[in-house]
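Q: Chain by chain, the residues run as shown.
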Amino acid sequence: MTTAVNTKTLTLVQAVNDALRTMLKEREDVILLGEDIGKNGGVFRATEGLQEEFGEDRVIDTPLSEAGFTGAAIGMAINGLRPVVEIQFLGFIYPAYEQIMTHAARMRARTMGHFTVPMVIRAPYGAGVRAPEIHSDSTEALFTHMPGIKVVCPSTPYDAKGLLIAAIEDPDPVLFLEPMRIYRAFREDVPEGKYTVEIGKGKKLREGDDVTVIAWGAMVPVAMKAAESAEKKGIHVDVIDLRTLYPLDKDIIADSVQKTGRTVIVQEAHATGGLANDILAVINDTSFLYQKAPVERVTGFDVPVPFFAYEDDYLPTPERVLHAIEKVMNF
Amino acid sequence: MEFQFPIIQIMNEQGCIVRSEYREQITKELVMTMYRHLIRTRMFDRKCVSLQRQGRIGTYVPYEGQEACQVGSALALRNGDWMFPTYRDHGAMMTFGRSLTQTLLYWKGRTEGCVPSEGKKIVPPSVPIATQLPHAAGAAYVEKRKGTKNAVIVYFGDGATSEGDFHEGLNFASVFNLPVVFFNQNNQYAISVPITRQMKSKTIAQKALAYDIPGIRIDGNDIFAVYFETQQALERARNGGGPTLIEAVTWRYGAHTTSDDPSKYRDQEESKRRRETTDPIKRIERFMQQEGWWDEQWMNQVQKEVSVEIEQAVAEMERYPKANPADMFDYVFAQPTWTIAEQKNAYFQWKRGIEG
Numbered sequence: 001m002t003t004a005v006n007t008k009t010l011t012l013v014q015a016v017n018d019a020l021r022t023m024l025k026e027r028e029d030v031i032l033l034g035e036d037i038g039k040n041g042g043v044f045r046a047t048e049g050l051q052e053e054f055g056e057d058r059v060i061d062t063p064l065s066e067a068g069f070t071g072a073a074i075g076m077a078i079n080g081l082r083p084v085v086e087i088q089f090l091g092f093i094y095p096a097y098e099q100i101m102t103h104a105a106r107m108r109a110r111t112m113g114h115f116t117v118p119m120v121i122r123a124p125y126g127a128g129v130r131a132p133e134i135h136s137d138s139t140e141a142l143f144t145h146m147p148g149i150k151v152v153c154p155s156t157p158y159d160a161k162g163l164l165i166a167a168i169e170d171p172d173p174v175l176f177l178e179p180m181r182i183y184r185a186f187r188e189d190v191p192e193g194k195y196t197v198e199i200g201k202g203k204k205l206r207e208g209d210d211v212t213v214i215a216w217g218a219m220v221p222v223a224m225k226a227a228e229s230a231e232k233k234g235i236h237v238d239v240i241d242l243r244t245l246y247p248l249d250k251d252i253i254a255d256s257v258q259k260t261g262r263t264v265i266v267q268e269a270h271a272t273g274g275l276a277n278d279i280l281a282v283i284n285d286t287s288f289l290y291q292k293a294p295v296e297r298v299t300g301f302d303v304p305v306p307f308f309a310y311e312d313d314y315l316p317t318p319e320r321v322l323h324a325i326e327k328v329m330n331f
Numbered sequence: 001m002e003f004q005f006p007i008i009q010i011m012n013e014q015g016c017i018v019r020s021e022y023r024e025q026i027t028k029e030l031v032m033t034m035y036r037h038l039i040r041t042r043m044f045d046r047k048c049v050s051l052q053r054q055g056r057i058g059t060y061v062p063y064e065g066q067e068a069c070q071v072g073s074a075l076a077l078r079n080g081d082w083m084f085p086t087y088r089d090h091g092a093m094m095t096f097g098r099s100l101t102q103t104l105l106y107w108k109g110r111t112e113g114c115v116p117s118e119g120k121k122i123v124p125p126s127v128p129i130a131t132q133l134p135h136a137a138g139a140a141y142v143e144k145r146k147g148t149k150n151a152v153i154v155y156f157g158d159g160a161t162s163e164g165d166f167h168e169g170l171n172f173a174s175v176f177n178l179p180v181v182f183f184n185q186n187n188q189y190a191i192s193v194p195i196t197r198q199m200k201s202k203t204i205a206q207k208a209l210a211y212d213i214p215g216i217r218i219d220g221n222d223i224f225a226v227y228f229e230t231q232q233a234l235e236r237a238r239n240g241g242g243p244t245l246i247e248a249v250t251w252r253y254g255a256h257t258t259s260d261d262p263s264k265y266r267d268q269e270e271s272k273r274r275r276e277t278t279d280p281i282k283r284i285e286r287f288m289q290q291e292g293w294w295d296e297q298w299m300n301q302v303q304k305e306v307s308v309e310i311e312q313a314v315a316e317m318e319r320y321p322k323a324n325p326a327d328m329f330d331y332v333f334a335q336p337t338w339t340i341a342e343q344k345n346a347y348f349q350w351k352r353g354i355e356g
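Heads up: the protein sequence lines correspond to chains G and W, in order. In this text, residue positions in the first sequence follow the UniProt record's numbering: the first is 1, and each later residue adds one. In this text, residue positions in the second sequence follow the UniProt record's numbering: the first is 1, and each later residue adds one.
Hint data in this document are derived by calculation from the structure and do not stem from the laboratory. There may be inaccurate statements among the hints.
Stated by the list, open to error - Straight-line C-alpha distance at most 16 angstroms; calculated EDC-like pairs for lysine to aspartate or glutamate:
id	chain 1	residue 1	chain 2	residue 2
1	G	LYS259	G	GLU311
2	G	LYS39	G	GLU52
3	G	LYS225	G	GLU207
4	W	LYS146	G	GLU56
5	G	LYS250	W	GLU276
6	W	LYS146	G	GLU28
Unchecked claim - Pulled a few chain W residues facing chain G out of the computed Cβ check, cut under 8 angstroms:
id	residue
7	GLU2
8	PHE3
9	ALA136
Don't be surprised by glycine CBs; every beta carbon is placed ideally from N, CA and C.
With the hints as extra help, turn the sequences into a complete structure.
A: Right, dumping it as structure tokens:
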């Protein structure tokens, strides 16, 4: 006997809203805080209607101070709540970086588990929405480098809801990156109520034996488009959506690259010190002898994310990814 | 502005009570408790400096001269309250209930030194400057939400008032009217930079005006002023009156840490003079003499007991089993990630190979 699960067709940002609503209902200790998240429902409407439904004590409009409310959330988490902080744009997280780096990420280790910080920091990230400067950063590697915090980045509405719920229930701090470029790009059936997607597990989106393409967040649709174009040229592509950036799903990477022997990593962020380099290290550690070609990386450039007149040139495109796919095929 | 925020004294430098309304509350029992803690913190501090010089602990942060600030404020706390200290506030932490051994372990570079004693809500010392102020506001938010009568005290130095987090913490606490006492120990130097290069305002207390909360300036070497003013601020917090900013004006005699030389930036003649005039322990001793509470035998006894307690703690610290490298891997996450598990495993395999 199967139980019918009711679903709703939601965009990614609506799925985020649905996850927050679900958890506010589910757990009394969940509390949201950030700038403009209450009456205004967040600049992207991710928290729309939640203050109305759960009150000003659960959904808190804070003063404009990333370090202040992130720090306050750390104190709340130490004292038993599960705060979910919204940073309006990842590019505005830097004032709170010290709080995350020196306190949230270390509290458990410093106190041998006596004090813990089960908080979530939500941050829309990435370029491609014609935003003003500083609004388009994709600096996830600053956080994947930091021990003590997990980094999650969904690319679909289903995953966004399941991963966000898992992040809220996680006993450790989680940075939850929301690709604003695909916030409303498409809809998907999302189950009502509570479900989780496991943190630390990637997802195979497409099967192919020739090349592995690894992507996350807003680069997933770019990778998929490139894979479709490659298919027309007779190249069969395995596409992996990482979904969690720390800890990486080593097994899904190894299984695929051992099968194909050729890999392209697509990363929106700057090249140097980026996560693609860690994925390369995983391939090196697990699958060196299977490789038929050097791994290609398609990334943003080592320049500040530019003003939007240039962002189409900055961002990896399906054409650049396809070029890389052909390069590893023809090596 | 200084006139609006005069330094509050209850006991002057000569050990005389200048605010008679407190006279009855200053009982012999209270004074003896205070004296014992003052002696304990001073003897401990001196012992630590000496242990550092002998290489038995690492770099140490002394607080000599600031004992009244730390002991007086910590004695005003109740058991359910929270303490958010800095690295210079181990005097306050020990007074509130952290064991001497744990304090020593911290300076010995051991993580065990951050674990608070059972039942004590003492958060590990904040090393970055002023970052613990928002945490205190957050913890206070939860106490208010739960409807408890617990309050939060957070310590910081004068240099911290230049940091953004100072203002963000005060602002957050003031907007939400939270039960938190912001306790500033103005020892007048942020490492080597004097307060006049830290801020143009004449007092730290006046900064409370911007947040529409009480700002109180007290003589930080007068333990009675520290104790009673902190107690009042905590009471206000418990009863829904919101946060208070207390500026306790004091002076550290020695270095910022055992790694710097205070004679390069701080007038050591001034420190010498202050040892005779404003010293917090000398002052309470003068008071006790005037009251006829001076009991040489009891004081010797206190010193002896404290000395034994410190020696036992030092012995315990030195007897502590060797630091286990597994501890460094095991507490980063609730469940170790594969990266950490692999690194731990590889390291121990290598170590066993070498040692085996």
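Q: Given GLU2(W) as an interface hint, is the shortest Cβ-Cβ distance to chain G below 8 angstroms?
A: Violated: closest Cβ of chain G sits about 29 angstroms from GLU2(W), beyond 8 angstroms.
Q: Interface hint check: PHE3(W), Cβ to nearest Cβ on chain G, cutoff 8 angstroms. Holds or violated?
A: 31 angstroms, violated
Q: Does the alpha-carbon distance linking LYS225(G) and GLU207(G) stay inside the 16 angstroms limit?
A: 14 angstroms, holds
Q: Is the straight-line distance between the alpha-carbon of LYS250(G) and that of GLU276(W) 16 angstroms or less?
A: It is violated: about 66 angstroms lies between the C-alpha atoms, which goes past 16 angstroms.
Q: For the pair supplied as a hint, LYS39(G) and GLU52(G), is the alpha-carbon distance within the 16 angstroms limit?
A: At roughly 8 angstroms apart (the allowed maximum being 16 angstroms), GLU52(G) and LYS39(G) satisfy the hint.
Q: Is LYS146(W) within 16 angstroms of GLU28(G), Cα to Cα?
A: 12 angstroms, holds
Q: Hinted pair, alpha-carbon criterion (16 angstroms max): LYS146(W), GLU56(G). Please report holds or violated.
A: Answer holds: LYS146(W) to GLU56(G) is near 15 angstroms, not above 16 angstroms.
Q: Quickly compare the C-alpha distance for LYS259(G) and GLU311(G) to 16 angstroms and report which way the hint goes.
A: 35 angstroms, violated
Q: Identify whether the interface hint at ALA136(W) stands, where standing means a beta carbon of chain G within less than 8 angstroms of its own.
A: Nearest chain G Cβ about 6 angstroms off; hint holds.
Violated hints, in rising order: 1, 5, 7 and 8; the structure is consistent with all others.
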